Structures are given as C-alpha cells and as structure tokens.
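Peer 1: Sequence:
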Amino acid sequence: MTYENFKYEIRKLGLYFWISDEIIKVGIVKNTNTDVCNDELEELCSICTKERFSFYQNHRFYKLDKVLQEELFDLVNELAKTPLDQRGELE
Numbered sequence: 001m002t003y004e005n006f007k008y009e010i011r012k013l014g015l016y017f018w019i020s021d022e023i024i025k026v027g028i029v030k031n032t033n034t035d036v037c038n039d040e041l042e043e044l045c046s047i048c049t050k051e052r053f054s055f056y057q058n059h060r061f062y063k064l065d066k067v068l069q070e071e072l073f074d075l076v077n078e079l080a081k082t083p084l085d086q087r088g089e090l091e
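Take the sequence shown: its letters are residues 1 to 91, numbered as in our numbering.
These are calculated hints, taken from the structure and not from any lab test.
Quick caveat: nothing in here was measured; it's all calculated off a predicted structure.
No residue lacks a Cβ here, since even glycine has one placed at the ideal position from N, Cα and C.
Treat each hint with caution, since some may be false.
Claimed, not checked - Estimated spans, in silico, between C-beta atoms of each pair: (1) 8 - 69: 24 to 32 Å; (2) 84 - 18: 18 to 26 Å; (3) 20 - 73: 31 to 39 Å; (4) 13 - 91: 16 to 24 Å.
Model the full assembly from the supplied sequences, consistent with the hints where possible.
Peer 2: Quick look at the structure:
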C-alpha cells in the first residue's frame, strides 16, 4: 500500500491524516463547526515508519466504534507489510 492509497482509505473512513516530524498521525475533527486545520484535529494514533514500524494508539482510539478500530488497524497492517521503497513519498 502506498502512502497515497493509505491517505485515501483513511479519508473514506471519515478520519484525517497528517504528518508531524515524519510521523503519520491519524485523527478526528474536534469541532465540526469550524474549518479543518491541524489545531482542530484530535489525534487517535501515530505511525512511525522509519527504522522500525510502530503503531501507537492513544485513549481516544479506544473510544472509536470497534468496527472503525478494526478497519484502521487493518489499513495500518497493510501499510506495514509494504516495503519502504514501494510506499512512495511521505507528504
């Protein structure tokens, strides 16, 4: 799975994807009455893709619907299975 495909699939789940210090962050909008910017996003999990692939979930992740948790976890696993040189650019 490429980063672009991952980002697309995350959006289909109604979640947001952004990058901070080369770490992928996935989150939800805190306040739906405002335009979306990183300050309005609440992080659910972070994915470090550099030396060792790691997936960190925070307390908010566990408040998600179980089906959504599983779908997100499956996407992360698909990304983890893809060799770094086949994922494309992290933008």
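Peer 1: Would you pick out the hints that fail for this structure and give their numbers low to high?
Peer 2: 1, 3
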